[in-house]
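Trainee: Single-letter residue listing:
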Amino acid sequence: GAGVSQSPSNKVTEKGKDVELRCDPISGHTALYWYRQSLGQGLEFLIYFQGNSAPDKSGLPSDRFSAERTGGSVSTLTIQRTQQEDSAVYLCASSSSRVGQYFGPGTRLTVT
Amino acid sequence: RKEVEQDPGPFNVPEGATVAFNCTYSNSASQSFFWYRQDCRKEPKLLMSVYSSGNEDGRFTAQLNRASQYISLLIRDSKLSDSATYLCVVISDPGNEKLTFGTGTRLTIIP
Numbered sequence: 001g002a003g004v005s006q007s008p009s010n011k012v013t014e015k016g017k018d019v020e021l022r023c024d025p026i027s028g029h030t031a032l033y034w035y036r037q038s039l040g041q042g043l044e045f046l047i048y049f050q051g052n053s054a055p056d057k058s059g060l061p062s063d064r065f066s067a068e069r070t071g072g073s074v075s076t077l078t079i080q081r082t083q084q085e086d087s088a089v090y091l092c093a094s095s096s097s098r099v100g101q102y103f104g105p106g107t108r109l110t111v112t
Numbered sequence: 001r002k003e004v005e006q007d008p009g010p011f012n013v014p015e016g017a018t019v020a021f022n023c024t025y026s027n028s029a030s031q032s033f034f035w036y037r038q039d040c041r042k043e044p045k046l047l048m049s050v051y052s053s054g055n056e057d058g059r060f061t062a063q064l065n066r067a068s069q070y071i072s073l074l075i076r077d078s079k080l081s082d083s084a085t086y087l088c089v090v091i092s093d094p095g096n097e098k099l100t101f102g103t104g105t106r107l108t109i110i111p
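In the order they appear, the protein sequences are chains B and V.
So for the first sequence, the working numbering puts the first residue at 1; every next one is plus one.
So for the second sequence, the working numbering puts the first residue at 1; every next one is plus one.
Hints in this document: simulated from the structure, not taken from any laboratory.
Take the hints with a grain of salt, since some may be wrong.
As the list claims (entries may be wrong) - Okay, derived cross-link-like pairs now, DSS-like style, lysine-lysine, Cα gap no bigger than 30 Å in a straight line:
| # | chain 1 | residue 1 | chain 2 | residue 2 |
| --- | --- | --- | --- | --- |
| 1 | V | K45 | V | K79 |
| 2 | V | K2 | V | K45 |
| 3 | B | K11 | B | K57 |
| 4 | B | K57 | B | K15 |
| 5 | B | K17 | V | K42 |
| 6 | V | K2 | V | K42 |
| 7 | B | K57 | B | K17 |
| 8 | B | K11 | V | K42 |
| 9 | V | K42 | V | K79 |
| 10 | V | K98 | V | K42 |
| 11 | B | K57 | V | K45 |
| 12 | V | K42 | B | K57 |
| 13 | V | K2 | B | K57 |
| 14 | B | K17 | V | K2 |
| 15 | V | K2 | V | K98 |
| 16 | B | K11 | V | K79 |
| 17 | V | K45 | V | K98 |
| 18 | V | K79 | B | K15 |
| 19 | V | K98 | B | K57 |
Isolated chain B (complex conformation):
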């Protein structure tokens, strides 16, 4: 079956612009996660959605970052007024029960 998909695969934007990153999780997966990874660094947790529960936003680095998940499926991560330090690969993952997460290919964001 289809895996986690993300779009766009690459995004170059100017400093100060807003960007939206999209994630389509595996069908039926109740949990959805956003991470980011800077070059040569580990994964940084951003936000976690589980079913209809309130999302865990504890990893969002600033109020410029927000995410929503509509209908328990597709999720959008929005970064407002992008800064150069926002440049990273943004990874989405989904899971069902405790069998591990499956990652999408990521969106490579470059802020110039």
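Chain V: place on chain B using the hints.
Mentor: Structure of chain V alone, referenced to chain B:
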């Protein structure tokens, strides 16, 4: 103290050798454990879950030591294709599925 700690390496190992990684976790209530691998400029991929009794998948063996709060990954007869970063992953909160990732151990298999 980090929730999940790994030796970052790098580990440079000759082809055919056996290599072992350890990972420690700080929350004794942690319930689920995994190893992921991440190839350069690719997304992490689930390698294997780690069960209390230990488990094996081909050349890979994972073990859990709850008393000492560490998990291990053993790779036997290493192949060039095993070169990657290996990520230790823990579900620390039994109330949800949020995963905590270690920073990874980089492995290079040398011909």
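Trainee: Are there hints from earlier that the structure breaks, and if so, what are their numbers?
Mentor: 14, 16, 18
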